[in-house]
Each structure stands twice: as structure tokens, then as C-alpha cells.
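Asker: As they're listed, the protein sequences go chains A and B. The first sequence lines up with residues 268 to 525 when you count with the numbering used here. The second sequence lines up with residues 21 to 295 when you count with the numbering used here.
These are calculated hints, taken from the structure and not from any lab test. None of the values given here were measured: they were computed from a predicted structure. Built from N, CA and C at the ideal position, the CB exists for glycine as well. Heads up, none of these hints are tricks.
Lysine to any residue pairs mimicking SDA-like chemistry, simulated, CA-CA at most 25 Å apart: (1) B/K33 <-> A/A402; (2) B/K33 <-> B/L217; (3) B/K33 <-> A/S396; (4) B/K33 <-> B/G57; (5) B/K33 <-> B/V228.
Just the calculated beta-carbon pair ranges, DEER-fashion: (6) B/R41 <-> A/L281: 14 to 24 Å; (7) A/M322 <-> B/E167: 23 to 33 Å; (8) B/R100 <-> A/V327: 43 to 53 Å; (9) A/G514 <-> B/P200: 52 to 62 Å; (10) A/R306 <-> B/A97: 24 to 34 Å; (11) A/R308 <-> B/D146: 18 to 28 Å; (12) A/L320 <-> B/L163: 23 to 33 Å; (13) A/V272 <-> B/Y279: 27 to 37 Å; (14) B/L163 <-> A/V319: 21 to 31 Å.
Residues from chain B that keep clear of chain A, each with C-beta distances beyond 10 Å, as calculated: (15) A56; (16) S66; (17) P83; (18) A85; (19) A97; (20) V144; (21) G170; (22) M172; (23) V207; (24) D268; (25) G273.
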Amino acid sequence: MTDLVAALGQRTLLGLQGLGRAVVLVLRLLAAVPAALRRPRLIIEQVYAVGVLSMVIIVVSSLFVGMVLGLQGYYTLVDFGAAESVGTLVALSLVRELGPVVTALLFAGRAGSSLTAEVGLMKATEQLSSMEMMAVDPERRILAPRFIASFISVPLLAVVFSAVGVLGGYLVAVGMIGIDAGAFWSNMQSAVSVRDDILNGFIKSVVFGFVAGWIALHKGYEAEPTSQGVSRATTMGVVHASLAVLGLDFLLTALMFD
Amino acid sequence: MPADSSTTEPLVKARGLVFRRGDRAIFDGVDLDVSAGRVTAIMGPSGSGKTTLLRLIGGQLRPHAGSVRVEGQEVAALPRPGLYRLRRRMGMLFQSGALFTDLSVFDNVAFPIREHTGLPEPLVRDLVLLKLQAVGLRGARHLMPAELSGGMARRVALARAIALDPVLVMYDEPFTGQDPITMGVLVTLIRRLNDLLGLTSIVVSHDVHETMAIADYVYVLADGRVIAEGTPDELRDSSSEWVRQFLDARPDGPVPFHYPAPALEADLFDGGEGR
Chain A
268 MTDLVAALGQ
278 RTLLGLQGLG
288 RAVVLVLRLL
298 AAVPAALRRP
308 RLIIEQVYAV
318 GVLSMVIIVV
328 SSLFVGMVLG
338 LQGYYTLVDF
348 GAAESVGTLV
358 ALSLVRELGP
368 VVTALLFAGR
378 AGSSLTAEVG
388 LMKATEQLSS
398 MEMMAVDPER
408 RILAPRFIAS
418 FISVPLLAVV
428 FSAVGVLGGY
438 LVAVGMIGID
448 AGAFWSNMQS
458 AVSVRDDILN
468 GFIKSVVFGF
478 VAGWIALHKG
488 YEAEPTSQGV
498 SRATTMGVVH
508 ASLAVLGLDF
518 LLTALMFD
Chain B
21 MPADSSTTEP
31 LVKARGLVFR
41 RGDRAIFDGV
51 DLDVSAGRVT
61 AIMGPSGSGK
71 TTLLRLIGGQ
81 LRPHAGSVRV
91 EGQEVAALPR
101 PGLYRLRRRM
111 GMLFQSGALF
121 TDLSVFDNVA
131 FPIREHTGLP
141 EPLVRDLVLL
151 KLQAVGLRGA
161 RHLMPAELSG
171 GMARRVALAR
181 AIALDPVLVM
191 YDEPFTGQDP
201 ITMGVLVTLI
211 RRLNDLLGLT
221 SIVVSHDVHE
231 TMAIADYVYV
241 LADGRVIAEG
251 TPDELRDSSS
261 EWVRQFLDAR
271 PDGPVPFHYP
281 APALEADLFD
291 GGEGR
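The shape of chain A in the complex, shown without the other chains:
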């Protein structure tokens, strides 16, 4: 029994220590942002790596998500004689929830894992150490541009996700089921508010981009410098980032849409 309590206490302590180090890291990253912004080329390279290269998975997923929403929305709404509102349902679901959340989850899986593995491997192969010995701060040179790139990419990807998703819904509802295109768009237009829906959804994706980038880089930077350590860090990075995104989504939704 005592062992159990001791083990529990130790795990809690270790968890808190990890959290403390993560907070210290994010503060240092934020402090490094101004210096990193002076070298936009490094940020652009990373926006390409984590953002542009994630476009395919975002576009394809959002198209299918939008199409499924169109179908399910129609099946449900048609019973109430409200099939024309399917555009509203698709747009609100995407803009408020699915756009930011699914984008962040896909980002954590596609780009976050590669950030963790890249930074973890750079650490394991002493590249970060050698950079330090060359008087180049790895936090500023390696981590900060990647952090800024995540922060920029996730909101933009979420916008793409929502836009393509709406098109997917349109293809199914109008193209396949035969709902009137005018009703589809005009219902959507009257029901979706720029401030309450689009802006709030955008704010969510900004927060998710911040958190997904932060967790991915923290896990890589803290990875044990072995192949097993890097693989564990990559897995934990994706798991933690996904859970953080879902938890924060609830919190933000509760705060935003009361």
C-alpha cells in the first residue's frame, strides 16, 4: 500500500516536473520569437515543411468530412422537413468544431510527430549540442522557427479545412441529393455569423496551433537520446497534443458559445 502511494506520488512529481519544464520552454520560445522573426527565411522553410506539406491530408480529409456531414445532415433533417438547412449544419459544424479540431489532430499526427522526431533525432545525434558549441542557440535557431510555423500553419489549414469541407457538403447535398443550390447557400449565409462562428473557430485554431507546436517541440527537445527514447517521445507527443486539443476545445467551446 505504501509502495503504491509512493509510486503514485513519484509519478505525480515527475509529471509536474515535466509540466514545469514545458512551461519554461514555452516562455523561452516566446522570448526567442522576436529574434526568430528577423530571419523570415527559416520560418518560411518550416511553414512549407509543416504547413504546405500537410495540405494534401487536410484537403482530402476535409472533403470526406464535408461529404459525410452533408449525407448525415440530410438524413436527419429530411425527417423534419428541413433538408434545405443542410448547408447551415455543414458550415456550422465545420467552422465551429470540426475545422479547428480535426485540423489540429491531423496536424499533430502529420507535422507534430515529424517535428518531435526531427528535434529528438537532432538531440540524439548531438546536432543540438554541436550547435550550442558553435555558439548558436538551438532554441532560437531550430525550435523557435518551427514553433512560429505551427502557430501560423494550423489556423490557415483550419480555414482550408472548413472551406473544402463546405464544398464537400455542397457536392453531396446539391450535386448528389439534389437540394436547391440557392437554398443551400442562402441558409448557410444567414445562419453563420462572422464574429460568433468564424472568428471563434479561428481563435480555437490559433490556440490549437500554439499547443500542438509547443507539445511536439517539447517532447522532441526532452526526448531521451536513444532510438527508443525518440520513438516514445514521438508517440507521447501525438497523444498529448491530441488530448490537449480535445480538452481545450471543450474549455474554449464552453467559454465562447454560452
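Model the placement of chain B on the given structure of chain A, informed by the hints.
Answerer: For chain B alone, coordinates are given in the frame of chain A:
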């Protein structure tokens, strides 16, 4: 006493150095001097803290007690900008080479120059080619690190380490795992670069013959202390059991062959518990 009998201050000076990992003392009161312009070797068996010593000199680790001074500056007391200024005057060759895998040979060597100098690109190119020429790899500048052999990777890393014309170059196990030809190349390079560029070199190694061949002064570390020091000739003549075991590669001696364990009989016949 350390090698240099002149009155000039040594470039690196460690006094009463103590460093622990957990409960284990890696260094327990180490004193050593590295004189300017010399090749100083730090030898000792694996796990004797040789790499740790380089990290202490480079300020990547802080000692628990004692001091490390480089050019008269206490490394552990330097604030980050000061430490970074000092590091620009140091080059370090990591055991793995630690080349940036996403950059070509050329860009690897150009990296510190581009980061620190803001020189125009044609000048960077000339400097990089000269550094690569010094290690004999000017023709390999377009290759990626994955395309290099271990020895070539180390030579590229060496070119990168001297890119900013440092005062001090530290070599972490430069000969480990190299074939005889590469080893010969590296041995010659370290000595030649030291003399031609007026560097000061610290070579951490357990390759006795290669290291003794180029060192001006040697420290032997074991059990957290300096157990022998002197010029290579002095060490060769040493009668210390420890030095003899290390230099003559004897399997047993002050460093036991067996990892601490209960007596074999007890383990075999009285055991049965655990594995």
C-alpha cells in the same frame, strides 16, 4: 606539475573540479592545465568522464565544485552572451561528427560562418573551400552527410570546427572506430592543424598509440582523478601499476576485469534467488 614551465597563464585551467552524476562522482578534485599552442591529451578508460570534461570546458555542464577557466574566464560564471562569445573561440569535434544531416558538406562548414559573421556569400564560399582543402575534402563539398564514410564525416566536422578560426579545438574520441588509414589521416591532421594554425588542442581518447604519438602532454584520468600526467615519454617510463595497465592494455589490474559481484561459488551454489 603541468607541462609548460613558462610563466604564461595556461589557456584552460581546472582546479579542484568536482562533478557528479547522481551519487557517482565523475570528477573528484581534478586539476589540469592546457597550455596554449600545445596538443594536450586526456586519456582514460571508457566511463572515466573524458567527454564530460570537454562539456565542462565548453560550459555545457556546470561543475558541482571547483573551477574551469578558459582564457582566464570562469566558464560556469559566464552569463549566456559571454559564454557564447567564448564558444566562438572554441571548436569541438564530436565523437559522432554531429554534422547537420539536412545540410550538404559545404553548408555544414559554412553554417558557423553564416551564423556569426554576415560575410558576403562569395567570401563565405572561399573560406569554406579553404577549410575543406585543409582536411582534403574540397572535392566532396556537394555530398550529403549520409554519403560520407565515418572518417570523412569526422574530417568535415573538423573543417566546421575550425571554420571560425578558434583558439582552442577539442576532439572527443577522434580515432574511435576508424580504419588504420583514416586514423593515420586524422592523427596527422590534428597535429598539422594545431601547428599550422597556431591552435591549442585537447584530444580526449583511449587510443593509446595514436594519442601518444601527437600529444605534447598527457593526463590520465581514472576514478575521478588525474592518476598520471606528463609528456608521452615520461608516461612510457612510468612504473605506476595503473599507467602500465592502461598503456600496455592489460585486461586485469587496478581496473578489475570483473564487474563487482559476489564470489562465483556463492553465486553458483548458494544462490537460487533471482538471476
